[in-house]
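These protein sequence lines map, in sequence, to chains A and B.
All residue numbers for the first sequence refer to the working numbering, where the first residue is 529 and numbers rise by one.
All residue numbers for the second sequence refer to the working numbering, where the first residue is -16 and numbers rise by one.
Just so you know, the hints here were simulated from the structure itself, not pulled from any lab data.
Even for Gly, the Cβ is constructed at its ideal location relative to N, Cα and C.
Treat the hints with caution; some may be incorrect.
[Said to hold, decoys possible] Quick list of in silico lysine to aspartate or glutamate cross-link-like pairs, EDC-like style, CA-CA up to 16 angstroms:
#, chain 1, residue 1, chain 2, residue 2
1, A, Lys627, B, Asp37
2, A, Lys632, B, Asp21
3, A, Lys598, A, Asp535
4, A, Lys597, A, Glu533
5, B, Lys66, B, Asp21
6, B, Lys(-8), B, Glu7
7, A, Lys627, B, Asp13
8, A, Lys627, B, Asp42
9, A, Lys598, A, Glu583
10, A, Lys632, A, Glu533
11, A, Lys554, A, Glu533
12, A, Lys597, A, Asp535
[What the hints assert, rightly or not] Computed far set for chain A versus chain B, every beta-carbon distance over 10 angstroms:
#, residue
13, Leu589
14, Ser596
15, Leu603
16, Arg608
17, Thr612
18, Thr622
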Amino acid sequence: SQQGEEDPQALSIQEGENATMNCSYKTSINNLQWYRQNSGRGLVHLILIRSNEREKHSGRLRVTLDTSKKSSSLLITASRAADTASYFCATDATGANSKLTFGKGITLSVRP
Amino acid sequence: DGGITQSPKYLFRKEGQNVTLSCEQNLNHDAMYWYRQDPGQGLRLIYYSQIVNDFQKGDIAEGYSVSREKKESFPLTVTSAQKNPTAFYLCASTHRTGGYTFGSGTRLTVV
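Turn these sequences into a full structure, and let the hints guide you.
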């Protein structure tokens, strides 16, 4: 069963706008991770946020985690056409021993 | 450069045939994983291994088998018992609690 559920399923924005993607999960976690996948390629790790962290930044990426609501958001600021990809959240559930469970992904299209 | 190599990139399987997908990493990672990706389904875990000579079933292990004889290698065999094997297969590795490093995938098609 899928632990993480992303929202929305698809997002289309203009270059330069910000993109916000959300992820909800069901059980307690050790950490939550976000990945990007370009069409037909493997996934690329973007950022990891631990359960005791609330916010993390990496370049144009900002991730927040609210463990009371069991939700996370990924913000991409000043988006570029090259950001067009699918984005997945993945959870390392407590007791799962670093075994990640992935959501179904969000398709982001950035129009030039 | 360190990374994970999956081969082949494309694979065609006839009905009733077993095929083996290769996954090799030179990252010195202990844990390795196999995921299956279908359109609209996200990634589903097939098998994983956290140490050499040991592996566990994931959520959809039926019709698949693996081995972990070397730390660097984690091949996946898709057997004839897997009735719907057409999918994109992804191998990943990690060192303890870090993020995963993924290979570029193998696209398997039944002909």
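Hint by hint, which ones does this structure get wrong, listed from lowest number up?
none
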